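Participant: Listed below, chain by chain, are the residues.
Protein chains: 2
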Amino acid sequence: MDSLPLYRQLAAHYVDAIHTGSLKQGDKLPSLRSLMRLHGISLSTALQLCRTMESDGWVEARDRSGYFVRRPRRLAIAPMEEPPAGVPPDPAQYVGIHAKVSDFVARRRQLPEKLNFSIARGAPELYPAEALRNAMTRMLRQQPDMLTVAAPLKGHRQFREVLAQRSLRVGMAISPEDILVTNGCIEALNLALRAVAQPGDTVAVESPTFYGLLQVLESLGMRALEIPTSPQTGLSIEALELAIRTYDNIKAVVVVPHLQNPLGSVMPDAHKARLAQLCERHGIPLIEDDTYSELVDAPTPPRALKSWDAGGNVIHCASLHKILAPGLRLGWITAGRWHARVEMLKYAQTRNNEGLSQSGAGLFMATGAYDRHLRHLRTCLKTQREQTADAIAGYFPAGTRINLPPGGLQLWVELPERLSSSRVFDAALAERIVVAPGTLFSNSSRFDHYLRINCGWPYGEAVDTGLRRLGQIIETLMNRGAGAAAAPLPVRPASPAAAARPPEARRIQSSSARAA
Amino acid sequence: MDSLPLYRQLAAHYVDAIHTGSLKQGDKLPSLRSLMRLHGISLSTALQLCRTMESDGWVEARDRSGYFVRRPRRLAIAPMEEPPAGVPPDPAQYVGIHAKVSDFVARRRQLPEKLNFSIARGAPELYPAEALRNAMTRMLRQQPDMLTVAAPLKGHRQFREVLAQRSLRVGMAISPEDILVTNGCIEALNLALRAVAQPGDTVAVESPTFYGLLQVLESLGMRALEIPTSPQTGLSIEALELAIRTYDNIKAVVVVPHLQNPLGSVMPDAHKARLAQLCERHGIPLIEDDTYSELVDAPTPPRALKSWDAGGNVIHCASLHKILAPGLRLGWITAGRWHARVEMLKYAQTRNNEGLSQSGAGLFMATGAYDRHLRHLRTCLKTQREQTADAIAGYFPAGTRINLPPGGLQLWVELPERLSSSRVFDAALAERIVVAPGTLFSNSSRFDHYLRINCGWPYGEAVDTGLRRLGQIIETLMNRGAGAAAAPLPVRPASPAAAARPPEARRIQSSSARAA
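Read top to bottom, the protein sequences are chains H and Z. All residue numbers for the first sequence refer to full-length UniProt numbering, where the first residue is 1 and numbers rise by one. All residue numbers for the second sequence refer to full-length UniProt numbering, where the first residue is 1 and numbers rise by one.
These aren't lab readings, by the way, just hints derived from the structure by calculation. The model shown is predicted, which means the values in this text are computed figures rather than measured ones. Keep in mind that a hint or two might mislead.
[As the list claims (entries may be wrong)] Taking lysine-lysine pairs in the DSS-like style, the calculated list, with each CA pair at most 27 Å apart, reads: (1) Z:154 <-> H:154; (2) Z:114 <-> H:154; (3) H:100 <-> Z:154; (4) Z:154 <-> H:114; (5) Z:114 <-> Z:382.
Generate the whole structure from the sequences, applying the supplied hints.
Facilitator: The structure is reproduced here in structure tokens:
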């Protein structure tokens with residue numbers, strides 16, 4: 001906390017006061033002059049304090065009167081319930097994922113999308129395009145044979161050195177030789193699973209989990225056993241223990257300990273320690289997908305699960321395309337005691353990665369600009385998540401639930417009255433708004449009344465309008481009830497008249513709708 | 001033939017005369033003046049004619065006397081025998097490949113290599129490094145969000161357009177939508193095999209074949225059924241028919257129709273047509289690995305096997321890193337009726353490829369510079385193959401056999417008296433010369449007395465010395481006989497005295513040794 005700037009520390013102090021009730025809605029924040037005197041700070045720091053609280057939604061400025069406390073709407077929305085952990089998961093609920101994903105993709109492609117909330121990715125402007133382009137151009141100049149000599153199978157040396165060095169921050173003491181560069185985290189997961197399990201084997205995963213993992217398992221002929229997972233603390237260790245006792249054929253466990261996709265949960269350190277020990281004790285390989293840890297709202301990312309791994313039982317996988325640049329396909333794997341087998345599988349699957357992007361990324365990541373970028377990205381995403389959550393709280397019908405995760409790119413939204421997300425998907429798609437229905441995040445039908453909403457877009461009028469419209473769609477569907485499932489919603493094409501309205505008029509309409 | 005320059009057409013005419021015996025060894029070629037008058041050509045064309053024949057080894061210049069016919073030594077070496085095609089292959093000969101490859105790699109890493117004949121790759125200087133660097137730099141400038149926006153899953157549009165357009169030259173009428181960009185040809189082969197076969201299934205392959213393919217099959221839990229393959233005409237269709245009749249469980253056939261690795265064979269068009277029909281008739285998917293066709297010594301590459309495919313039964317795979325730049329990992333797949341399944345598997349395995357190298361390569365390939373590069377590469381490789389073959393003919397003991405392939409990067413060498421290539425590998429490695437032993441090219445032990453020799457290095461003193469030393473090693477091992485297998489050869493470390501000799505002395509010694 002001490003590494004936060006002073007104005008942020010003071011802002012946290014006042015937010016605490018709001019939480020505890022010392023400052024109530026409508027109360028006036030101390031004036032700038034009082035703040036300067038009270039905390040012995042400069043006018044500029046006092047101003048930063050107030051503006052930070054304003055942009056986070058905790059106070060609002062009233063002309064010439066000062067800043068007044070408000071409660072962000074997102075705080076009014078109910079959190080989700082914890083899943084039951086005392087019942088062993090039922091593999092018979094398996095309905096498969098490929099058909100669902102194919103159907104999703106095919107339907108999404110029918111119309112050119114206007115607004116895509118279905119991905120989990122930041123907008124291009126959140127990433128350091130220019131600095132990376134310069135790094136690539138520089139590497140092309142410095143290493144003239146970059147394109148005509150094959151890069152080493154393990155990966156570019158300097159890139160692996162940067163990765164190994166940064167691993168120290170999350171408690172992993174590894175050397176560059178322990179790391180193998182892959183085509184994104186998804187290839188790392190493929191290799192990890194192929195190294196430790198065979199077709200027909202059962203693999204325990206979080207429930208819900210991202211459909212990419214379910215696809216990998218299905219494409220490898222492996223079966224996913226879905227373990228109840230808390231929106232707050234991630235995989236339920238009790239439920240996993242029960243599953244291990246109930247089924248003796250679990251060949252691997254895959255977890256996303258930090259900012260789980262789609263839940264956004266972060267496992268407490270004590271849970272990670274227990275999980276590593278549990279898997280070690282039962283001889284079950286533990287695969288850690290650590291793609292998001294740099295997006296946790298904290299000056300340094302949380303400790304990797306692998307940092308509790310003494311015997312090489314944890315396979316650590318991570319990647320750059322969510323945190324450094326979505327146009328890169330750079331992942332890496334630290335495979336513990338399966339290193340040699342993973343290296344062989346990588347060679348047989350895709351050989352070495354290209355050298356250029358590795359060396360360019362490595363060059364950039366070795367400078368202070370990388371951490372500055374990550375801080376900036378976290379700040380932007382935090383604002384965007386909070387704005388999105390506020391909009392959902394304002395626009396979606398009562399009974400909607402969300403958990404505001406401590407970082408990351410998305411929100412997981414529970415729809416009221418178990419409304420089918422497939423119906424929401426269809427109706428929204430007709431207006432060229434794409435959402436990710438909860439059906440994609442499980443091989444069962446347990447999450448059919450959930451949506452995953454991307455918060456990667458800077459919050460602006462288009463996003464606001466889209467979320468408002470989503471709220472209306474959900475409300476309309478609820479009013480119709482389940483019986484009307486087959487009837488399509490009236491499609492409203494973008495009205496030329498509306499598009500021709502001056503931006504100012506649209507903004508005002510948007511604001512008033514929002515306040516309603 | 002008409003598209004060849006005039007001097008090459010005339011050179012071919014005189015080479016024919018040498019083959020038929022009209023011109024005998026020692027005969028004098030017509031003088032430059034006579035050539036000009038005889039063919040109505042300029043002095044410059046006559047000179048090009050003579051110099052081409054000289055560099056190809058067909059004539060030698062004698063001071064002030066003109067050019068005299070010689071027979072390149074490579075013509076004196078015996079070709080290999082055709083494999084028996086009337087015996088069904090025996091799957092029981094399976095001994096596996098991973099252990100052999102791992103052992104090969106581990107032993108190769110023991111010493112820093114001096115000269116690597118074991119790869120199948122051109123030297124960096126044979127590829128257009130500068131033009132490609134410029135293309136990449138230009139794409140980074142033209143598309144500022146290249147690194148921050150994910151490329152399409154299928155691949156960069158312009159790159160696929162260039163690939164589709166060039167496919168017309170080999171008889172494939174496909175659209176960019178039929179193509180999926182992959183991480184090298186090896187990923188394309190993985191996807192093709194995973195699309196059409198399951199673990200436990202049997203896949204027919206050429207014998208010998210490149211160990212990469214055997215590794216892919218073994219890593220996917222599939223079984224390779226090795227089909228006899230001619231050093232001249234490739235896969236034996238008769239042997240494949242017999243195998244299909246004998247075993248009813250063949251789920252796919254994989255072939256390299258052009259410049260097969262390691263044989264260098266090229267399938268005649270009639271064979272390709274029959275093979276496509278045979279597989280279609282039996283409902284067996286046919287996977288074509290077309291990595292090398294641009295390296296065939298001809299103005300345009302041979303027709304793809306896929307051009308005989310009416311029903312989408314042929315999956316075509318190819319890549320750039322042998323023909324455009326070894327530092328790129330760009331392959332592509334045209335999967336016929338398995339397109340949707342391959343696209344799903346690609347998504348689950350590695351997602352999209354990075355955009356930068358695709359777009360840069362596409363930019364370069366859309367210009368005339370690409371075909372100019374390919375012509376230059378083919379010319380260099382032809383010279384290097386012939387020089388290597390001449391050296392083998394001169395330096396290796398009698399009984400050595402080679403087939404000079406009509407293009408490509410390597411020679412497949414049969415050792416005399418069934419000498420074990422593993423013993424040659426060990427003895428050469430002690431002198432830091434690496435060769436690829438024939439054991440790597442089959443799951444059986446049928447090719448233990450073969451070596452694959454890379455011709456990708458421009459022929460110079462180091463290569464000449466290395467080949468001469470290889471010949472001596474082979475001779476020594478033969479003289480010792482099989483009984484002495486375990487005894488290591490005396491290792492000769494590079495003598496400081498020899499290294500200190502002036503280059504001229506070394507050149508002379510090398511030449512005299514070569515003439516011996």
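Participant: Against which earlier hints does the structure fall short, listed by number upward?
Facilitator: The structure breaks none of the hints.
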